[in-house]
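2 protein chains.
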Amino acid sequence: MFFIFVIGTAGCGKSVLTAALEKWLATSELAVTVVNLDPGVEDPPYTSDVDIREYVNYGQVMHEFGLGPNGALVASLDMAVSHVDDLREEIIDIGRDYVIIDCPGQMELFAYRNSGPLLVSSLRNYDPAASLYLLDANIARTPTGYLSSMLLGISINIRFLLPQISILSKADIISEEKVQEVISWSTNPFLLQDALDMTAEGMIKEYSSSILRILEDIGSGTSLFPISAKQMVGMETLYAEIQRVLAGGEDYLTYE
Amino acid sequence: MFFIFVIGTAGCGKSVLTAALEKWLATSELAVTVVNLDPGVEDPPYTSDVDIREYVNYGQVMHEFGLGPNGALVASLDMAVSHVDDLREEIIDIGRDYVIIDCPGQMELFAYRNSGPLLVSSLRNYDPAASLYLLDANIARTPTGYLSSMLLGISINIRFLLPQISILSKADIISEEKVQEVISWSTNPFLLQDALDMTAEGMIKEYSSSILRILEDIGSGTSLFPISAKQMVGMETLYAEIQRVLAGGEDYLTYE
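Chains B and S, in that order, give the protein sequences. Take the first sequence: its position 63, counted from the start at 1, is 63 in the working numbering, and no numbers get skipped. Take the second sequence: its position 52, counted from the start at 1, is 52 in the working numbering, and no numbers get skipped.
Wrong hints could be hidden among the right ones.
Note: identical chains are not told apart, hence a pair may lie in one copy or across any two.
With a Cα cut of at most 20 Å, we get these calculated SDA-like pairs of lysine to any residue [claimed, not checked]:
no., residue 1, residue 2
1, Lys23, Lys230
2, Lys205, Ser175
3, Lys205, Pro163
4, Lys205, Thr237
5, Lys205, Glu216
6, Lys230, Gly71
7, Lys205, Gln231
Keep in mind that the hints were calculated from the coordinates and are not lab data.
Same shape as in the complex, but just chain B (with noise of 0.2 Å):
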């Protein structure tokens, strides 16, 4: 069983990526298990088979607690944890080889509280698993947006400790130049840095390449890759490195 963290900031596409990812696999045969983490949610674009939801009620939380829209969601993530073994019981019951996790909408929720790394280890347990960290085109398409969104997948990494894969969400929103662009200064620090030069201004040209030595080193060997949920763009090769992340390049297809 392999355990998919999709994670990210609010608004940068974490559902409509789990929702492709799904159909994606179940498209090459593959069983899937998809599961909503989020108590807040709405109506997410999948129909998920486990749901925080079903333990959680954000509204009733809210209400009886008289919190408001932040508190509730914050009580609603802690308490989430109590049900994790029941989570993960439901999880194990379906048995399908993929488990896709949509993260709660706001990131910091769940990163910067210690309920989110708790609940991912505690869901995933002993098994396999990767996350997949989705950068906002609308921010990672300049310099500076890059920068900041890659520290803070780094700063996102060390709490969650899994192999982690960087991904440029909604592509679609921008240029496939821009695209290009922004592939660039992932795969060269030089690119980053010239591009820094022309755009940005006092403390980061000062530290912009102490900031790339960090990229450089952590992020090597990993590259960002470029998807469209909304356009099923991408999701082969995503799903070629999520094989090589979580098994070491096997390919571990089973069929239902």
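Since the structure of chain B is provided, determine the placement of chain S on it from the hints.
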């Protein structure tokens, strides 16, 4: 007029610090305007002078557009951008020297969307500004939590490009000894390296020296200020640092 933006992840104590800083400045007979920028907050622990909720009604956005809590928060903040001139006008009209801006509860909605940096740059305009980046003591108490929080801080810094002061928030929830240990990591990367070597694993161990280098490069000159807003501990040191950052060390005291 000096703008102080209070930023950090959900639940890190932004509003409580805002209230405490206002109180401290007022006690020192300094004129303060407090701005709430969170459309979704229920009962902030201060009386806001300027409030985004007077322009954007989160509940209404939720119902009118049929959005869930995540979507409604995102939409509310995006809408806030169109009112930034009104907000700034209000602030200018009040005309006090210090403007403390309590940023939205969920930092990522603010930092990793285009609306946030736009709100910050339009609100401060060309006035001197700094940001207080709060590290949650709940997370930063462990070596990897600290590392992750500091990297997040650098990522945030790149988004807002303001002089940034790092604060160990809610210092009262950990022991004084632990506070000193965390502070020691900020002043001496070797101590952090030692702590990581003892507790961390895999990827962290492999990359810790490159991550530490970036903290050393960028973090140099700024240390971490422990604050207990609840117990009003550390406020004087924080104020001195704000002065140093905002005015290059000069104390722009102005009495009402």
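Each hint tested on the structure:
1. Lys23 <-> Lys230: within (12 Å within a copy, 50 Å between copies)
2. Lys205 <-> Ser175: Cα proximity of Lys205 and Ser175: none, with 26 Å in one copy and 38 Å across.
3. Lys205 <-> Pro163: Only across copies: Lys205 and Pro163 sit 14 Å apart there, 30 Å inside one copy, limit 20 Å.
4. Lys205 <-> Thr237: neither (34 Å within a copy, 29 Å between copies)
5. Lys205 <-> Glu216: both (17 Å within a copy, 16 Å between copies)
6. Lys230 <-> Gly71: between (32 Å within a copy, 19 Å between copies)
7. Lys205 <-> Gln231: neither (37 Å within a copy, 39 Å between copies)
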